[in-house]
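Here the protein sequences come in this chain order: A and B. For the first sequence, position 30 (counting from the first letter as 1) is numbered 30 according to the UniProt record's numbering, and the numbering increases by one without interruption. For the second sequence, position 115 (counting from the first letter as 1) is numbered 115 according to the UniProt record's numbering, and the numbering increases by one without interruption.
It should be emphasised that the hints constitute simulated quantities derived from the structure, not laboratory data. Remember, predicted model here, so these are calculated numbers, not experimental data. Idealized CB from N, CA, C, for every residue including glycine. Heads up, some of the hints might be wrong.
As the list claims (entries may be wrong) - With beta-carbon atoms standing in for the labels, derived distance ranges:
(1) B:Glu-346 <-> A:Arg-46: 47 to 55 Å
(2) B:Pro-359 <-> A:Asp-59: 21 to 29 Å
(3) A:Asp-309 <-> B:Asp-293: 16 to 24 Å
(4) A:Asp-293 <-> B:Tyr-193: 24 to 32 Å
(5) B:Thr-100 <-> A:Asp-53: 41 to 49 Å
(6) B:Cys-130 <-> A:Asp-342: 46 to 54 Å
(7) B:Thr-248 <-> A:Gly-360: 54 to 62 Å
(8) B:Gly-251 <-> A:Glu-306: 48 to 56 Å
(9) A:Glu-74 <-> B:Ala-78: 31 to 39 Å
(10) B:Ala-78 <-> A:Thr-138: 35 to 43 Å
(11) B:Thr-100 <-> A:Tyr-344: 24 to 32 Å
(12) A:Thr-160 <-> B:Asp-342: 57 to 65 Å
(13) B:Gly-251 <-> A:Glu-190: 50 to 58 Å
(14) B:Thr-248 <-> A:Glu-306: 51 to 59 Å
There are 2 protein chains.
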Amino acid sequence: MRIGVLGAGQLGRMLALAGYPLAKSFVFYDLSGSPSAGLGEVIVDRDGDYLDDFLTRVDRVTYEFEHLPVDVAEKIAALKPVHPCPRALQVCQNREAEKTLFGELGIPTPQWRIADSADSLRQAAEELGCPVVAKSNTEGYDGKGQAVLRAPSEAEAAWTGIGHPRLIVEKFVDFSREVSIIAARGEDGEVAYYPIAENSHHEGILRYSVAPAPKMAADVDDQAKSYIRALLNELNYVGVLTLELFQTADGLVANEMAPRVHNSGHWTIEGAMTSQFENHIRAVSGHPLGNTDARGYSCMINIIGEHGDLDAIMRLPYAHLHLYNKAERPGRKLGHVNILADSYDELRWRVKNCASFLPGCPEFDVDL
Amino acid sequence: MRIGVLGAGQLGRMLALAGYPLAKSFVFYDLSGSPSAGLGEVIVDRDGDYLDDFLTRVDRVTYEFEHLPVDVAEKIAALKPVHPCPRALQVCQNREAEKTLFGELGIPTPQWRIADSADSLRQAAEELGCPVVAKSNTEGYDGKGQAVLRAPSEAEAAWTGIGHPRLIVEKFVDFSREVSIIAARGEDGEVAYYPIAENSHHEGILRYSVAPAPKMAADVDDQAKSYIRALLNELNYVGVLTLELFQTADGLVANEMAPRVHNSGHWTIEGAMTSQFENHIRAVSGHPLGNTDARGYSCMINIIGEHGDLDAIMRLPYAHLHLYNKAERPGRKLGHVNILADSYDELRWRVKNCASFLPGCPEFDVDL
Numbered sequence: 001m002r003i004g005v006l007g008a009g010q011l012g013r014m015l016a017l018a019g020y021p022l023a024k025s026f027v028f029y030d031l032s033g034s035p036s037a038g039l040g041e042v043i044v045d046r047d048g049d050y051l052d053d054f055l056t057r058v059d060r061v062t063y064e065f066e067h068l069p070v071d072v073a074e075k076i077a078a079l080k081p082v083h084p085c086p087r088a089l090q091v092c093q094n095r096e097a098e099k100t101l102f103g104e105l106g107i108p109t110p111q112w113r114i115a116d117s118a119d120s121l122r123q124a125a126e127e128l129g130c131p132v133v134a135k136s137n138t139e140g141y142d143g144k145g146q147a148v149l150r151a152p153s154e155a156e157a158a159w160t161g162i163g164h165p166r167l168i169v170e171k172f173v174d175f176s177r178e179v180s181i182i183a184a185r186g187e188d189g190e191v192a193y194y195p196i197a198e199n200s201h202h203e204g205i206l207r208y209s210v211a212p213a214p215k216m217a218a219d220v221d222d223q224a225k226s227y228i229r230a231l232l233n234e235l236n237y238v239g240v241l242t243l244e245l246f247q248t249a250d251g252l253v254a255n256e257m258a259p260r261v262h263n264s265g266h267w268t269i270e271g272a273m274t275s276q277f278e279n280h281i282r283a284v285s286g287h288p289l290g291n292t293d294a295r296g297y298s299c300m301i302n303i304i305g306e307h308g309d310l311d312a313i314m315r316l317p318y319a320h321l322h323l324y325n326k327a328e329r330p331g332r333k334l335g336h337v338n339i340l341a342d343s344y345d346e347l348r349w350r351v352k353n354c355a356s357f358l359p360g361c362p363e364f365d366v367d368l
Numbered sequence: 001m002r003i004g005v006l007g008a009g010q011l012g013r014m015l016a017l018a019g020y021p022l023a024k025s026f027v028f029y030d031l032s033g034s035p036s037a038g039l040g041e042v043i044v045d046r047d048g049d050y051l052d053d054f055l056t057r058v059d060r061v062t063y064e065f066e067h068l069p070v071d072v073a074e075k076i077a078a079l080k081p082v083h084p085c086p087r088a089l090q091v092c093q094n095r096e097a098e099k100t101l102f103g104e105l106g107i108p109t110p111q112w113r114i115a116d117s118a119d120s121l122r123q124a125a126e127e128l129g130c131p132v133v134a135k136s137n138t139e140g141y142d143g144k145g146q147a148v149l150r151a152p153s154e155a156e157a158a159w160t161g162i163g164h165p166r167l168i169v170e171k172f173v174d175f176s177r178e179v180s181i182i183a184a185r186g187e188d189g190e191v192a193y194y195p196i197a198e199n200s201h202h203e204g205i206l207r208y209s210v211a212p213a214p215k216m217a218a219d220v221d222d223q224a225k226s227y228i229r230a231l232l233n234e235l236n237y238v239g240v241l242t243l244e245l246f247q248t249a250d251g252l253v254a255n256e257m258a259p260r261v262h263n264s265g266h267w268t269i270e271g272a273m274t275s276q277f278e279n280h281i282r283a284v285s286g287h288p289l290g291n292t293d294a295r296g297y298s299c300m301i302n303i304i305g306e307h308g309d310l311d312a313i314m315r316l317p318y319a320h321l322h323l324y325n326k327a328e329r330p331g332r333k334l335g336h337v338n339i340l341a342d343s344y345d346e347l348r349w350r351v352k353n354c355a356s357f358l359p360g361c362p363e364f365d366v367d368l
């Protein structure tokens, strides 16, 4: 079976690395002009002229990013099986649609309002009570197109700063930590859940994910599963879905979802029985899902901007290096390291030791 | 770094899958006309016209099979770093040279003689005492070009049957089991040993490898390490080397070595901290070696001839499937399954259960 991947970055690369052992081959369709997957056939198509050509070469289609135009996804879906479905894409591209769906399914979200002017932004900030976070309703990514308002009087500046005609305004959530749950759903409706990961972001970029998340109460765990299960079933979803959540004193509050394999699931390559990448390929191909159990305790450390001392990291007997073969650039995800351990105590010092070889890596701040 | 691989079969494929996460890219040089690696750039060169072209594209060269003509390897070595060195290749292509080297290094072998006629074969059988095994001195592979003599009178028929001008005749070894040790040596001379595997062959084809080998005494383990270390250092070897051994009441006896990653090391993909493939790439690239510790108990089951019920295997929560994307053909290696467990008892029933989905798979006969 030949799988077409829309996008040709590191997620596509890791999907392919997981799919070859299942006898899949891969064709990447790149809209950016700078594919980095580095393996498989790549069709670079900045002007959108070769989509039909791409489709004739593949049996099934999936994607590695949620910013694909929905009309393109729908056009593809009319010709070849596309997983996940275009509706999942549509929901993820529009925060208002996403939060509305969360609400319909009983998944808690921060209180929110829509603002379509500086004035309505100010009014939303007053109604919700500051601080609030204003985000462009579409096209936001990794903290871009966002502003925090400490007072309603900051609305004018925030509106101008974001420069988007429609914003979603969220009441600030007083959370103790950020977590994510990743699950896969097969063609037959079977669902498999990965252990929840605890995530640590710095300057809007994920730096650490620890899995299984420490000190996770069983009822909170069940809550997370019920939320992602509701989404998977409602969307008749096939593939891997990620749900980012805030943990608060009153339970979990959904931040956003991503219709794909996710950076907070990279630990699964060595840290779970079946990686998120393999399970996505299994689901998209119509195979049974693989076991999502953790193998010990894992922490994923992102390599951001600079590679650091890679030879030193390769010498660590508990570290697995995954490079994306990209040139260094500030803020760019260049790779990640998976740290394995048999206990949280062991994991803590191993992570700190590894991080010391990564320049600019923030201090490990997950409470194990 | 771009690595050139001489050969384009499943070993090359698995080397590439392990090498991409270390930011390597791959060019395969295929002499067979039927490459199966399925990823990376492949130069098919049945007539040997494109070797120079291949060499201009790569930084370092390795190989996935030991049947490469030594003069080709030497020609390459004059232009690019080749690991392992051509001498290792030369030794492995000639059983007499191999056994002579083993003898020089104090590595026990079966008693052996050279035969260059039916008459000298008969004489060798008489001197050694039957049963003996006669093997073509060069070009033998997976039990081909071999004959067992139960009596010296069978020499004429065996000589004609093998049809090779120079044979090595070995006294039959009364062994309790077949094991193999795999080790990697880095450019700096560092050596890392994998746990010994116990191997079960049927009709000359490896069917099961269990690692770590059960009931392995520490002194026998040390013996195996000292033998492979002697070979690695004598050959100034860089990369992964495999040494196949018979375990007897008097200790270990060397069968043969392979200058490459080996089927009996496929369990390392999920069963060891660093796979044999990654360690070979690390060594060839001049990186530090990775941790060779086992992660629990593993058994590799080869998929031979027919694929069987792959969906059933994918449903097993302890099985990892590795397909080579090849068409079915009797006796052909199509893939393997790695079974993981936390104890030998658990491993036994898991292996038996998985094998039940593989048509023609012989009964699991490793004594755990």
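Self-check item: Non-conforming hints, listed in increasing numerical order
Solution: Violated hints (numbers, rising): 5, 9, 10 and 11; every other hint is consistent with the structure.
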